[in-house]
Amino acid sequence: MSLLAVFLVVFIGGPLVFRLLTRGKPDRRSLRALVLLAFLCAVAGMAIRYGVAQYWGENLLASMGAIACIWLGWIAVLAFVAEVLRRAYPGPATQRWTNVLGILATTLPWFGLIWASTVAA
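In my numbering, the protein residues as written are 1 to 121.
If you are wondering where the hints come from, they were derived from the structure by calculation, not from laboratory data. From a predicted model like this one, the values you see are computed outputs, not experimental measurements. Honestly, I wouldn't trust all of these hints.
Computed beta-carbon distance windows for the label pairs [claimed, not checked]:
no.: 1; residue 1: A88; residue 2: A53; range: 20 to 28 angstroms
no.: 2; residue 1: A5; residue 2: R32; range: 32 to 40 angstroms
no.: 3; residue 1: A5; residue 2: Y89; range: 31 to 39 angstroms
no.: 4; residue 1: S2; residue 2: P90; range: 39 to 47 angstroms
no.: 5; residue 1: L40; residue 2: L101; range: 22 to 30 angstroms
no.: 6; residue 1: A121; residue 2: M64; range: 15 to 23 angstroms
Cut-off 25 angstroms, straight-line C-alpha distance, at most; resulting in silico cross-link-like pairs (SDA-like, lysine to any residue) [unchecked claim]:
no.: 7; residue 1: K25; residue 2: R86
no.: 8; residue 1: K25; residue 2: L85
no.: 9; residue 1: K25; residue 2: A88
no.: 10; residue 1: K25; residue 2: V81
All C-beta atoms in this analysis are idealised placements derived from N, C-alpha and C, irrespective of residue type, glycine included.
My request is simple: use the sequences and hints to build the entire structure.
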């Protein structure tokens, strides 16, 4: 997958997934669901990465699947933190700032990828 495609997925898909996960009112049920999603994504990503290690780097589907699971887990953790802050400090300012900072934070893995590509070159 080209860097342009990854860029589009990260900068469009990430914020959309974050908004989807944080669109409801923060309650205990949604917080539990976010924790479960983050945990399952992390476990799935690590299971793919280390469970089928012989395919890592050779099979694009296995590599991208593991990375996508870990990234979705990252977004779930960001959504969890945003929901906890919204629940602790209800108000429009908290809503606005958690949206802005959460959406920006979903793109952080892109900068890590670019940094790693630069260092490896």
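Evaluation of the provided hints:
no.	hint	in the structure
1	A88 <-> A53: 20 to 28 angstroms	41 angstroms, violated
2	A5 <-> R32: 32 to 40 angstroms	34 angstroms, holds
3	A5 <-> Y89: 31 to 39 angstroms	38 angstroms, holds
4	S2 <-> P90: 39 to 47 angstroms	43 angstroms, holds
5	L40 <-> L101: 22 to 30 angstroms	24 angstroms, holds
6	A121 <-> M64: 15 to 23 angstroms	21 angstroms, holds
7	K25 <-> R86	9 angstroms, holds
8	K25 <-> L85	12 angstroms, holds
9	K25 <-> A88	12 angstroms, holds
10	K25 <-> V81	14 angstroms, holds
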